Every structure is written in structure tokens, then in C-alpha cells.
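Colleague: Put together the whole structure using the sequences plus the hints.
Residue numbers for the sequence shown follow the working numbering, so the first one is 990 and each next one is one higher.
To be clear, the hints were calculated from the coordinates, so they are not data collected in a lab.
Because the structure is a prediction, the values reported are computed rather than measured.
Among the hints, a few may not be true.
Stated by the list, open to error - Straight-line alpha carbon distances no greater than 27 Å define the calculated DSS-like cross-link-like pairs of lysine-lysine that follow:
| no. | residue 1 | residue 2 |
| --- | --- | --- |
| 1 | Lys-1336 | Lys-1417 |
| 2 | Lys-1259 | Lys-1166 |
| 3 | Lys-1417 | Lys-1458 |
| 4 | Lys-1446 | Lys-1458 |
| 5 | Lys-1163 | Lys-1336 |
| 6 | Lys-1417 | Lys-1446 |
| 7 | Lys-1166 | Lys-1446 |
| 8 | Lys-1163 | Lys-1246 |
| 9 | Lys-1259 | Lys-1297 |
| 10 | Lys-1297 | Lys-1246 |
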Amino acid sequence: MHTLRQDIPAGLVVFLVALPLCLGIAQASGLPPFAGMLTGVIGGLLVTALSPSRFAVSGPAAGLVTIVVASIETLGSFSAFLTALILAGLLQCLFGLLRAGRFIALVPGSVIKGMLAAIGILLIIQQIPVALGAAGDAELVSLVNGEFAFSTSAMLVAGVGLVILWLWTTPVVKSIKALSWIPGPLVAVLVGCLATLFGLAGLPRIALPEFDSMAQLAAELETPDWLAWRNPSVWVVAVTLALVASLETLLSQEALKKLRPQHPAPSPNKEMFAQGVGNLTAGLLGAMPITAVIVRSSVNVSVGAQTKVSILLHGVLLLICGLWFSDLLNAIPLASLAAVLLYTGYKLATPRLFIEQIRMGAQQYVPFLATIGGIIVFGMLAGIGIGIATQLLCSLYQSHRNALQLTRYDDHYVLRFQQNLTFIHNPKLQGLLAEIPENSVVIVDHDNAEYLDPDVKAVLQDFGESADKRGIRLSQWPVAVK
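Modeller: Written out as C-alpha cells, the structure is:
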């Protein structure tokens, strides 16, 4: 009870941050705003109750918007997508039971950063038409074709919203304590609401249903298409959702450890199981995919949360707001939510991230760019696979390049083996041995190599057998020479 003084204000602030994001992510996914609110409630109450973390806030994530949109289009209906979400939840529960959380360490940092940047780029592409006045599923292509109807009012609201979000990151606003407690996204949304109240024309708004009874609430919930499990595409979507949602959750947990360490650290396997139960429930009730979200989690920590009470409170407030304050929320223009999501996309794909990756060299930026390109062109799962494969090739090349080193000291040549050698090192080894002239002394430093492939030994054996004829003396030769 003594922590309520910190947890109650923290829960209120997290609720204010989560509200526009829940609505905006649902709108960006082409789903009813109520689906976003329901997702936030499930993440805030059910997942929090099962999660081992005291500070991680779960709910709809901007990073999954592109997967949701593409999956619904591929499967043909939201009800089929819900079946895939149920299967994804079951897979996540299985991952947790199989203790698969430890494998997060195998995903290269370049691929993770590329995934986040690609999500940001796709989010920006998707939300530009909404910020310019689209009310439905208008795409960026319609802008290029000249078939788009611009709305000055929407552009004004979105532009003001972006300016507000930028101002809230400046030292001037941060230095004012009263303003620093108010989330920037909430201010941007409130300004948009004022625009609608003052009758600014041409502003498409969200549409939350009103519930006069439990029967109306039940009727609003979408049900899964149970026969869709026979469609192979449903399983592809399920695996994609399970992997990406698990990856985003575990990455959020890793980032959260640096903000507020917990002792003992939360189990990634228990967290995946909790997320699996959440996504299973979301699929059954007609909600959206759930992950732990670092933005809301970091806010929770920064405003002084001490226990799970703050997250549970934010879930209760989302529930109350969705059930009894729909009229108030229906004043929110889509352009304001687009501004919030555009800014979120920019933060995910900030130019600074690209500059940092390029400065780290080709071994980092090539897989990074390959992941981005793969996700944009082929989709999330294929793009991540392309990124991992590219990173493996880059690492193999770098390892191969540095495995052998030949140094000359007058007529003495030192051949160093920096690591264990396999058949793939034979071309490099043969090339270095060919550089050694006649009447030289060759010293082999193989202390760092505990294993030599039979193919490598054969190359060394052949060189050693011809050394006498060329007047080459061998020292510390790693294989016997007849």
C-alpha cells in the first residue's frame, strides 16, 4: 500500500500515453478503434497479471501494424486473421514452455535495428495519406497518380500535432515540470479535438461504438473463423506474428533492464508464455496482436512506478474509457492520430540510426540495409530471414578474411593461423603459400588453432613435400612432412 503514492500517478500517465496509441494503431491497421482499446485492456490486465516483469506495459504495438494490414489482405478477412492470432498465441506459449527465450541472443543487432527501421518507414508511408486528409484506405500511390483529394484541415491538424510532438522533446518544454508530466501525444490529440469542436471542416474522425448493454458489447466483438486453420497462409501469418511479437517483447525487456534493473531479472520464457496467453485471448475476443512496448514501459519507469499496480490501473482506465466515454473519444480526428504514428515511425527510422550503422562498417550496415529492403519488398518474416542470412555471410567473410596472416621479415615468413581452419580457408591458404619465394624460411604460428580440417592438412602436406626442392626451410610446421 505504501507504493500507491507512486503507482497511481504513474498509471494515470501511462494511460494518457497509451490511449492515443491504442486508437491510432487500430486506425492504422484498418480496424475499429474499439479493437485497439480492447487490446490495451487485455495487455494491461491479463498479460500484466501473468508477466514476471513489474514494469513492462503490454498492448498494441506500432511495429505490428504492417503485419496486421498485410495479413488481413492476404487472408481476406479479419476473422481469419483472428484464427492466425490464436495460433500465434499458442506458439508463443509453446516457446515459453520450451524455454526458447534464450535464443533472442542469436538475432544480430543489425537485423533487429533494420527490422525497427523498416517498421518505421512502412508506418510513415502508410500514415502520410491520412495526414493529408484520407478517411479510408487511400495509399501513397494515389498521391503519385494524382487521384488523391487533399484536406487543408487535416494537413493543418497533422502539422500542428507534429510540431507539438517535436516541442515536447525540446529542453525548453522538458524544463517546465508541469508540462513534462503531460505526454506529448495526448496534447497533440487534445489540440485535434479542439479543432473538431470549433467546426474545422474536412476532418475524418474515429468512430467508437456506444454500449447500452452487455449484449451490444458482445455483438461488437469479432469472432474467429475456426475453419481458417486449414488455410496454409493462416499458419504462415501465425508463425510471423509469434516470432515478431516475441522478438519485440524480448527486445523491450532487454531495453527495460537498462532503465530499471530487477533482481532477479524477469524470465524471458515466462514473459513469452504471458504474451502467448494474451494473444490467444485477443484472438478469441476480436482484438489485435499484443507485445510488450518499450515506449509505454519506459514512461511507466520514468514517472516512478514501483509495482504492477500502475499498469493494472492503466488497463482499468482504458476499459472505463472505451465503455462509457466513447462520445468524448469520437471527437479525435484521424489526422491527430496520424501525427502520433508518423512521429513514432520517425523515431524508429531516425536518420541518426542509419548514420550510426554506416559508421560501424560494411559488416553492420549491409545486413541492416538488407533487412530493411527485405521487409519492405518481401514482408516481415522473409526480410528478417534475409537480414540474418546476410549477417551470416558478412561474418563468414570477415572471419575468413582474418583467419590467416602472412608477415615477412627479410627472408623469413611467419604464417599465422588466427583460428581453427576448415576447407573454406583453402583458397586463402593456397594463395598465401604461393607468395612465399624460394630459399626462404617459413615459420608457422598455429597456437590459436586447435583444429585443422583434413583438407587444410593436405594443402600443408603438399607444400611441405615440395619445400626442399625450392630451398624452403620449415619451422614449427603443423603437419608431418615425409
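Colleague: Hints first: check each against the structure and report whether it holds.
Modeller: Comparing the hints with the structure gives:
no. : hint                 : in the structure
1   : Lys-1336 to Lys-1417 : violated (43 Å)
2   : Lys-1259 to Lys-1166 : violated (37 Å)
3   : Lys-1417 to Lys-1458 : holds (23 Å)
4   : Lys-1446 to Lys-1458 : holds (20 Å)
5   : Lys-1163 to Lys-1336 : holds (18 Å)
6   : Lys-1417 to Lys-1446 : holds (14 Å)
7   : Lys-1166 to Lys-1446 : violated (70 Å)
8   : Lys-1163 to Lys-1246 : holds (24 Å)
9   : Lys-1259 to Lys-1297 : holds (16 Å)
10  : Lys-1297 to Lys-1246 : holds (16 Å)
Of the numbered hints listed earlier, those contradicted by the structure are 1, 2, 7.
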